[in-house]
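Visitor: Sequence:
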Amino acid sequence: MANTKKSLKNSKKVTSLVTHPLLSQLNQLLSHHLKPNQRVLLALSGGLDSTVLLHLLAAAKQSNSFELYAMHVHHGLSQNADAWADFCTQQCELLNVPVEVVYVQLDPNSKLGIEAAARQLRYEALFDFKLNEIEPDFIATAHHQDDQAETLLLQLFRGAGVKGLASMAAIDEPRRLMRPLLEVSRQTLQAYAEQHNISWCNDESNDNTHYERNFVRHDLLPVLATRYPSVKSVLARTASHLAEANELLDSLAKIDANDLLQNNSLCLQGLTSLDLPRAKNLLRWWFAQNQLSMPSSDHLNEIIQQVFNAKADANINIQLQHLSLKRYQQRAYLCAERVAEAFDMTWNGESHLDLPNGGQLHFKQVIGAGLALKHGMTKLRITNRDGGERFKPDVLRPTRTLKHLLQEANIPPWQREHLPLIYWHDTLALVPNIGITHELRADEGELGLDIIWQDI
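Letter by letter, the sequence shown follows residues 1 to 456 of this note's numbering.
Calculated directly from the structure, the hints in this document are not laboratory data.
Incorrect hints may have been included.
Claimed, not checked - Cβ pair distances, simulated, as ranges:
| no. | residue 1 | residue 2 | range |
| --- | --- | --- | --- |
| 1 | Asp86 | Arg119 | 21 to 29 Å |
| 2 | Glu93 | Asn258 | 46 to 54 Å |
| 3 | Ser296 | Asn208 | 25 to 33 Å |
| 4 | Ser65 | Asn206 | 34 to 42 Å |
| 5 | Arg119 | Leu320 | 14 to 22 Å |
| 6 | Ala340 | Ala116 | 29 to 37 Å |
| 7 | Gln79 | Leu292 | 35 to 43 Å |
| 8 | Asp259 | Pro398 | 35 to 43 Å |
What the hints assert, rightly or not - Simulated pairs of lysine-lysine, PhoX-like, Cα-Cα distance not exceeding 25 Å:
| no. | residue 1 | residue 2 |
| --- | --- | --- |
| 9 | Lys374 | Lys403 |
| 10 | Lys364 | Lys379 |
| 11 | Lys311 | Lys403 |
| 12 | Lys61 | Lys163 |
| 13 | Lys254 | Lys280 |
| 14 | Lys374 | Lys392 |
| 15 | Lys254 | Lys163 |
| 16 | Lys392 | Lys379 |
| 17 | Lys35 | Lys61 |
| 18 | Lys35 | Lys130 |
| 19 | Lys392 | Lys403 |
| 20 | Lys311 | Lys163 |
| 21 | Lys364 | Lys374 |
| 22 | Lys280 | Lys311 |
The beta-carbon is built from N, C-alpha and C at its ideal position, and this holds for glycine as well.
All chains, please: the whole structure from these sequences, using the hints.
Guide: Structure, rendered in structure tokens:
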């Protein structure tokens, strides 16, 4: 994203729309899923779908207590882009809805293609939105029944599995997404707009059948509709059935993950004991939990071959978008690639510290555990490994090298490079995931400082 231009505006004029089945349907959804005074951010393109949703949400505020904002993302791809931004601003002023116009720079050489790259920039802008440092509770998009049908066909043509074919959800709480129009056809939206004299912008690129979705919309679905008039609603219903099937697969994956997944690492011995379809299902679920796109069937088979059949000491590093899949001591890990960076910090009583390598340390006073605060630990030094450190967390065992203790604890090599060490004066007092030096540990009933390392 190159730069952002904010233009939060309000007008004195508020319009009221006539009660309509669409508005009743929206009010019912909002009453079930919105708490009082929650914030909804609308993705507003200026097209038919999002403009109708803007008017519906503005009218719904009369029956539901929520705050409504809008965002228009200016891609600069069309000579009409400025006019669309002005239109969105004017519509929001008319309805007394604060609006933000965000300008993004699209890479014309993106490997994603123009459609996907533009969509990614839109979602980045929407999910980055904050007002007074507060995120919206939901991001509303105007996806409708026709979009569901088109998406199902596109995913079929790409050979997607059940997860890819599953429909979009009206409410996606983990991602904070709200799609109130999913059961509404585009024809119904257009009729609503015409009935209420709502104008909208036409994006000329929507007529270009060079783009996959436009080809399905303008060339393929009309032909299917000549033989199957209800094809769009039927495809949308099929997508809903697949979504239910996907929920069952996710439930099965959660059962398997309960036994095999710990601290976001997967037990390979347990994974290989599952039959192949069930193992693949668990891997897909695990990838989705880490915001990874689903690999193709061939790529997934290749991953399974490498992870299952590699020698125990093999160095596996499979790149999966923003994360890498690594293997160590019969466990698989998903981790971000980063360069080890030397740091030397001081803790002065904060509840948490952000580390230069992206991790965090959390500090909490407890009873009978952690570093004994009776020693007056108001300051602690935090640094990374320098090599040669020795440590004695167990009074009954001799002092040993930290390197030996890390190997014994099966700490993966890539985590050791970023491991923060906590010193009190010149004494190595605490090593996360290893222990506390025995002479500084709080005894039963004593006030202690618990320190938790959260790696990325």
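Visitor: If you draw a straight line from the CA of Lys35 to the CA of Lys130, is it 25 Å or shorter?
Guide: holds, 19 Å
Visitor: Just to be careful, I want the Cα atoms of Lys392 and Lys379 compared with a cutoff of 25 Å; is the pair within it?
Guide: holds, 21 Å
Visitor: When you take the CB atoms of Glu93 and Asn258, is the distance between them in 46 to 54 Å?
Guide: Given range 46 to 54 Å: holds, Cβ gap about 52 Å.
Visitor: Against the range 34 to 42 Å, how does the distance between the Cβ atoms of Ser65 and Asn206 compare: consistent or not?
Guide: Since the Cβ atoms of Ser65 and Asn206 sit about 36 Å apart, the hinted range of 34 to 42 Å holds.
Visitor: Could you grab the alpha-carbon distance between Lys364 and Lys374 and see if it respects the 25 Å cut-off?
Guide: With Cα atoms ~15 Å apart, Lys364 and Lys374 stay inside 25 Å; holds.
Visitor: Can the restraint linking Lys374 and Lys403 be considered satisfied, given a maximum Cα separation of 25 Å?
Guide: Since the Cα atoms of Lys374 and Lys403 sit roughly 30 Å apart, the hinted pair is violated (cutoff 25 Å).
Visitor: Could you see if the CB distance from Ser296 to Asn208 stays within 25 to 33 Å?
Guide: holds, 27 Å
Visitor: Would the pair Lys61 and Lys163 pass a check requiring their Cα atoms to be no farther apart than 25 Å?
Guide: Distance of about 35 Å is beyond 25 Å: violated.
Visitor: Would you mind confirming whether the straight-line C-alpha gap from Lys392 to Lys403 stays at or under 25 Å?
Guide: Given that 25 Å is the threshold and the Cα spacing comes to 12 Å, the pair holds.
Visitor: Could you tell me whether the CB distance from Asp259 to Pro398 stays inside 35 to 43 Å?
Guide: Holds: the Cβ-Cβ distance is about 36 Å, inside 35 to 43 Å.
Visitor: Taking the Cβ atom of Arg119 and the Cβ atom of Leu320, is their distance within the range 14 to 22 Å?
Guide: Holds - the Cβ-Cβ distance for Arg119 and Leu320, about 20 Å, lies within 14 to 22 Å.
Visitor: Under the criterion that the straight-line Cα-Cα distance not exceed 25 Å, is the pair Lys311, Lys163 satisfied?
Guide: Distance of about 32 Å is beyond 25 Å: violated.
In terms of the numbered hints stated before, the structure departs from hints 9, 12 and 20, listed from lowest to highest.
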